[in-house]
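Q: These are the residues of each chain, in order.
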Amino acid sequence: MAIAGADPLAAYQGLLCGGLGALCGGCENPALQISNTIVFVTPLITTGIAVALPFRAGLFNIGAEGQLLAGAVTYTVIGIKLGNGPAPVVIPVALIGGMLAGSLWAGIAGVLKALVGAHEVVTTIMLNYVAQWLVRFLIIGGPLQAPNGFSASPPTGPGARLPTLLPHDNSLIIFGLPSSVYRVHTGLFIALAAAALFAFLLWRTSLGYEIRAVGQSQRAARYAGVDVRRTIIVTMLIAGAFSGLAGAIQIAGVDHGLTDKYFSDTTGFDAIAVALLGLGSATGIILASILLGALHAGGAVMQSDAGISANLVLVLQALILFSIAANFVGAIRRLLPFGRKPAALPPDLPPAAGLMSESATPTVQT
Amino acid sequence: MSDERLAVDLRGITKQFPGVLANSNVDFSVRAGEIHALVGENGAGKTTLMNILYGLVHADSGEILVDGKPARISGPRDAIAHGIGMVHQHFMLIPVFTVGENVMLGREPVTGPDFYDHRHARQAIQELTRRYGLALDPDARMGDLPVGLQQRAEIVKVLYRGANILILDEPTGVLTPQESKELFGVLRDLVKAGKTIIFISHKLREVLEISDRITVMRRGKVVGHLTTKETDEESIATLMVGREVLLRVDKKPAQPGAVTFKVENLTANSDRGVPALKGVSFELREGEILGIAGVEGNGQSELTEVLAGSRRVTGGRVLLGDRDVTTFDARTEREAGIAFIPEDRRGAGLVLSYSIAENLILGRQRSHQFAWHEFVLQLNAIWSWARRLVKEFDIRTPSINTAVRNLSGGNQQKVIVAREMGTHPKVLIAAQPTRGVDIGAIEFIHRRLIAERDAGTAILLVSAELDEIRSLSDRIAVMYEGQIVSIEPPDAPEERLGLLMTGGGAPRVGAA
Chain L
1 MAIAGADPLA
11 AYQGLLCGGL
21 GALCGGCENP
31 ALQISNTIVF
41 VTPLITTGIA
51 VALPFRAGLF
61 NIGAEGQLLA
71 GAVTYTVIGI
81 KLGNGPAPVV
91 IPVALIGGML
101 AGSLWAGIAG
111 VLKALVGAHE
121 VVTTIMLNYV
131 AQWLVRFLII
141 GGPLQAPNGF
151 SASPPTGPGA
161 RLPTLLPHDN
171 SLIIFGLPSS
181 VYRVHTGLFI
191 ALAAAALFAF
201 LLWRTSLGYE
211 IRAVGQSQRA
221 ARYAGVDVRR
231 TIIVTMLIAG
241 AFSGLAGAIQ
251 IAGVDHGLTD
261 KYFSDTTGFD
271 AIAVALLGLG
281 SATGIILASI
291 LLGALHAGGA
301 VMQSDAGISA
311 NLVLVLQALI
321 LFSIAANFVG
331 AIRRLLPFGR
341 KPAALPPDLP
351 PAAGLMSESA
361 TPTVQT
Chain H
1 MSDERLAVDL
11 RGITKQFPGV
21 LANSNVDFSV
31 RAGEIHALVG
41 ENGAGKTTLM
51 NILYGLVHAD
61 SGEILVDGKP
71 ARISGPRDAI
81 AHGIGMVHQH
91 FMLIPVFTVG
101 ENVMLGREPV
111 TGPDFYDHRH
121 ARQAIQELTR
131 RYGLALDPDA
141 RMGDLPVGLQ
151 QRAEIVKVLY
161 RGANILILDE
171 PTGVLTPQES
181 KELFGVLRDL
191 VKAGKTIIFI
201 SHKLREVLEI
211 SDRITVMRRG
221 KVVGHLTTKE
231 TDEESIATLM
241 VGREVLLRVD
251 KKPAQPGAVT
261 FKVENLTANS
271 DRGVPALKGV
281 SFELREGEIL
291 GIAGVEGNGQ
301 SELTEVLAGS
311 RRVTGGRVLL
321 GDRDVTTFDA
331 RTEREAGIAF
341 IPEDRRGAGL
351 VLSYSIAENL
361 ILGRQRSHQF
371 AWHEFVLQLN
381 AIWSWARRLV
391 KEFDIRTPSI
401 NTAVRNLSGG
411 NQQKVIVARE
421 MGTHPKVLIA
431 AQPTRGVDIG
441 AIEFIHRRLI
451 AERDAGTAIL
461 LVSAELDEIR
471 SLSDRIAVMY
481 EGQIVSIEPP
491 DAPEERLGLL
501 MTGGGAPRVG
511 AA
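Line order of the protein sequences matches chains L and H. Everything in the first sequence is counted per the numbering used here, starting at 1 for the first residue and increasing by one. Everything in the second sequence is counted per the numbering used here, starting at 1 for the first residue and increasing by one.
Treat each hint with caution, since some may be false.
[What the hints assert, rightly or not] Computed footprint of chain L on chain H, listed as stretches where at least three residues anywhere in the stretch have a Cβ under 8 angstroms from a Cβ of chain L:
| id | stretch |
| --- | --- |
| 1 | 308-316 |
| 2 | 327-334 |
| 3 | 345-354 |
| 4 | 371-383 |
Don't read these hints as lab results, they were simulated from the structure. For each residue, glycine too, the CB sits at the ideal point set by N, CA and C.
Turn these sequences into a full structure, and let the hints guide you.
A: Laid out in structure tokens, this is it:
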């Protein structure tokens with residue numbers, strides 16, 4: 001950074017301030033920065049789940065982005081068509097619509113995996129492209145383009161907007177700014193509820209038990225009467241619903257319509273980092289989402305405060321993530337109460353016994 | 001043949017693995033030209049000790065002397081240089097290569113720039129096989145050979161690398177009685193030719209038959225040096241386990257009831273799509289144990305998988321009482337009252353990362369007992385079920401939440417046995433129920449099988465251990481090439497069973 005001609009201290013100060021509202025200089029408002037971070041965190045939580053759940057079943061869902069876009073498009077369409085209806089009806093209908101669309105998008109990969117064995121990494125990546133270009137088509141010259149000719153859809157109606165946490169009122173001053181500038185919205189609670197649902201599903205239901213069994217040992221799962229193909233499809237459908245929910249919430253709570261920013265949206269890819277850093281547990285996903293959200297929000301402030309190129313900011317974020325992933329995952333796992341704790345050793349035979357037993361030798365042929 | 005010169009002398013070997021002392025101040029010496037048996041239960045440290053000798057594991061302290069001279073063995077390469085060779089329990093062979101190519105692998109003779117020299121290889125192998133009387137065709141494809149010959153190829157491979165001291169790890173585990181006899185002949189010939197053999201086993205009868213001296217290990221320590229001529233099965237077992245063991249299974253005569261389970265003309269394919277079951281029929285009565293004897297790979301695995309609902313049939317019927325359960329999947333079969341102990345404990349029977357409690361409901365994760373509306377797991381019911389079974393089946397664990405990966409083989413198997421017997425099934429299909437578990441656990445599992453039989457369960461016992469089949473079964477069905485060739489009484493002579501298992505012998509009339 002020093003080479004790039006900027007002040008490193010100012011840069012990190014900007015990152016911290018923008019991310020977590022701490023150590024802000026004179027011209028930034030901490031509360032606003034926290035609000036911005038939360039806006040980034042919300043979709044990361046649900047897409048993080050959409051990657052983590054298939055991971056438990058031994059599937060690598062790279063397609064959270066495509067599923068998110070499917071959810072966003074569907075929410076926008078429903079929001080435009082029914083936007084003038086009552087919010088308590090329209091919002092749930094549109095959210096469910098977005099989830100179903102995400103489900104469908106992921107389900108394609110799930111069905112292909114289960115029935116013809118097409119690798120889910122390949123299919124989900126391809127479906128990302130399909131979704132991204134579909135969005136492009138829809139709002140540039142396509143049926144969803146707004147009449148004014150910009151590359152954006154018309155805004156959704158008032159009945160399809162999630163309320164912000166603070167009243168939309170310019171006369172009300174909170175933390176020195178009018179309350180309407182705080183974008184933090186009620187979607188946060190939906191995301192937190194989704195995380196709780198995810199944890200419940202995984203650890204407290206027969207389906208979660210079977211999903212984990214399929215991920216650990218397909219043979220054992222089959223022996224236990226689990227329909228492995230069906231479980232793969234169901235897992236992908238549920239994961240897609242979580243991603244679709246993320247897209248729907250983004251439209252409902254932040255953007256109120258598709259814009260060209262969705263061309264370069266990376267939430268679904270950041271979700272992979274979230275799921276891996278979060279070690280696949282609900283609490284871990286929330287914490288990892290906060291980290292990534294803070295990096296995102298902080299990056300913008302860092303750019304303006306320290307005068308660093310936006311691209312360098314992205315490089316720095318990647319480096320921070322890289323060092324965390326490389327060094328600290330183990331330490332985090334040991335320090336935090338979530339994640340699977342190493343089981344206590346039985347006195348008569350600890351894990352090292354594997355080294356001593358015959359089965360430790362690799363089998364080429366028996 | 002053997003003299004007082006020591007071929008191998010391990011002194012004060014200590015090896016600490018995290019949380020366990022695998023070898024504690026072990027002294028182990030083998031005289032040149034003897035067959036020395038190393039016995040002990042799983043986890044006693046015998047494989048660790050041999051891995052130290054072969055350089056796969058490094059001792060924390062202690063000395064290794066080979067032929068009286070201190071040896072530094074830091075890897076298998078050093079061990080081979082000292083003339084030590086190891087025949088692993090699971091063969092390290094490449095099925096699509098010929099015998100010659102397998103033997104040469106890593107030391108291929110080359111001609112010209114870098115071409116494999118077939119002629120040279122063949123000559124070298126023929127020379128070896130002639131010298132030691134090991135009949136073996138160097139051009140046969142390894143995958144086409146029976147297990148006994150594959151093992152012979154492993155031995156030739158070790159000899160080709162210049163081994164004078166051969167370590168054989170559980171060599172008879174996969175062999176028929178006849179093949180074992182042939183192996184013993186080969187071992188005796190090798191000793192005559194001046195080789196020294198270390199024979200790892202837990203089959204005491206074989207140890208008594210083949211060895212000159214015996215070292216017994218228990219919990220990382222040597223607990224006895226014995227001379228084979230002066231000892232017997234009971235005293236070795238007592239040393240191994242540390243208490244008196246009942247080697248014979250105590251059982252009352254069976255009281256067979258009505259036929260509960262009937263298999264009619266069953267056919268099925270193997271994974272490779274060739275017929276593995278060619279019309280298998282038998283009846284199973286309440287309160288009896290029907291043993292299926294046979295050399296592995298004659299359709300027993302496919303039979304149990306079909307009965308367990310995890311392999312499709314191509315023909316025939318399976319009846320539970322009057323119900324046709326042929327096409328039932330694994331879950332429905334369990335619900336109908338058929339329980340399974342799968343032969344592949346770690347692969348199919350358990351999810352290793354799951355806790356004991358979780359494994360104890362595997363296959364019943366949607367039953368009403370454990371899941372509300374087949375969906376929400378009832379943790380309290382699961383925990384109390386797990387606590388009950390852990391106690392009843394004497395599963396040694398600090399907690400029901402311990403991952404089964406951390407249990408010993410015997411305790412892992414007890415988890416499966418507990419799960420499958422805990423529901424008091426009508427029919428129990430037990431495939432290799434005691435494979436690779438220690439004597440204490442074998443004794444326990446045998447007693448439970450008999451108790452289950454006496455409680456009226458119909459039990460199908462599939463085992464590669466002929467001794468096990470003979471001591472537990474009330475009738476013995478011999479399987480050969482996908483068919484039941486004969487049904488024999490439990491006191492049928494071992495020779496006759498061995499002959500039937502390899503396709504010889506006249507079947508009993510009216511067998512099925």
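Q: For each hint, tell me whether it holds in the structure or not.
A: Going through the hints against the structure:
no.: 1; hint: 308-316; result: holds (count 3)
no.: 2; hint: 327-334; result: holds (count 6)
no.: 3; hint: 345-354; result: holds (count 9)
no.: 4; hint: 371-383; result: holds (count 6)
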